[in-house]
Amino acid sequence: MLTRSGRLLVVEDGAALIGELLQLGAAQGPSSGVAKWLAAGPPDWDDRHLVGVFRPEFVRQAAEFLAAAPIDEWSDRFRPDLAAFAGSLDPARCYDDERHTALRRHAAALAELFGRAAEDGEAVIEKLSA
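Heads up: the sequence shown at position 26 corresponds to 28 in the working numbering, and the numbers run straight through without jumps.
These aren't lab readings, by the way, just hints derived from the structure by calculation. Remember, predicted model here, so these are calculated numbers, not experimental data. C-beta atoms are modelled at their ideal positions from N, C-alpha and C, and glycine is treated no differently. There could be a bad hint or two in this list.
[Stated by the list, open to error] Computed beta-carbon distance windows for the label pairs:
| id | residue 1 | residue 2 | range |
| --- | --- | --- | --- |
| 1 | D99 | P32 | 27 to 35 Å |
| 2 | C96 | E59 | 34 to 42 Å |
| 3 | G31 | D122 | 23 to 31 Å |
| 4 | A111 | P45 | 18 to 26 Å |
Modelling step: build the complete structure from the supplied sequences, incorporating the hints.
Here's what the structure looks like:
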C-alpha cells in the first residue's frame with residue numbers, strides 16, 4: 003500500500019490472514035463492521051487492474067480500530083482458527099511459528115500505515131501483484 007507521501011507496505015500472501023484475524027478478533031464487538039470492511043478490501047476494487055482505494059474517512063476509522071486492536075492477544079487466542087484458515091488458502095504450507103510471527107508483524111505494520119495516512123488525511127491504495 004502506498005500513500006501520497008511515499009509510505010509503502012508489502013505483505014506477501016498475508017492479507018487474507020490479516021483480514022481473518024481482524025474479523026475473528028472484532029467478531030460481535032462494536033468494530034466488527036470496520037473489521038469486515040477492511041478485510042473485504044477497498045469498496046471500489048478493480049478486478050482487472052487489481053487495485054482499489056480506501057478513502058480518507060474510512061482510513062481514519064480503520065486507523066482508530068487498528069490502534070486499539072490487541073493484535074498479539076487475538077493472534078494467540080485464535081491461532082487454531084488462523085491455522086485452519088491458512089490451510090484452506092494453501093494446504094501445502096503449514097501455519098508455523100514463523101508464519102504466526104509474520105502475521106503479527108504485518109498486522110502491526112498495517113496499523114502503522116493506516117495511522118500515518120489518517121494523520122495526514124490521506125487515502126490508502128491497495129494493489130495486488132502476481
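The hints, checked one at a time:
1. D99 to P32: 27 to 35 Å: Given a distance of about 32 Å, which is inside 27 to 35 Å, the answer is holds.
2. C96 to E59: 34 to 42 Å: holds, 39 Å
3. G31 to D122: 23 to 31 Å: holds, 28 Å
4. A111 to P45: 18 to 26 Å: Given a distance of about 23 Å, which is inside 18 to 26 Å, the answer is holds.
Figure legend: structure checked against the earlier numbered hints; every hint is met.
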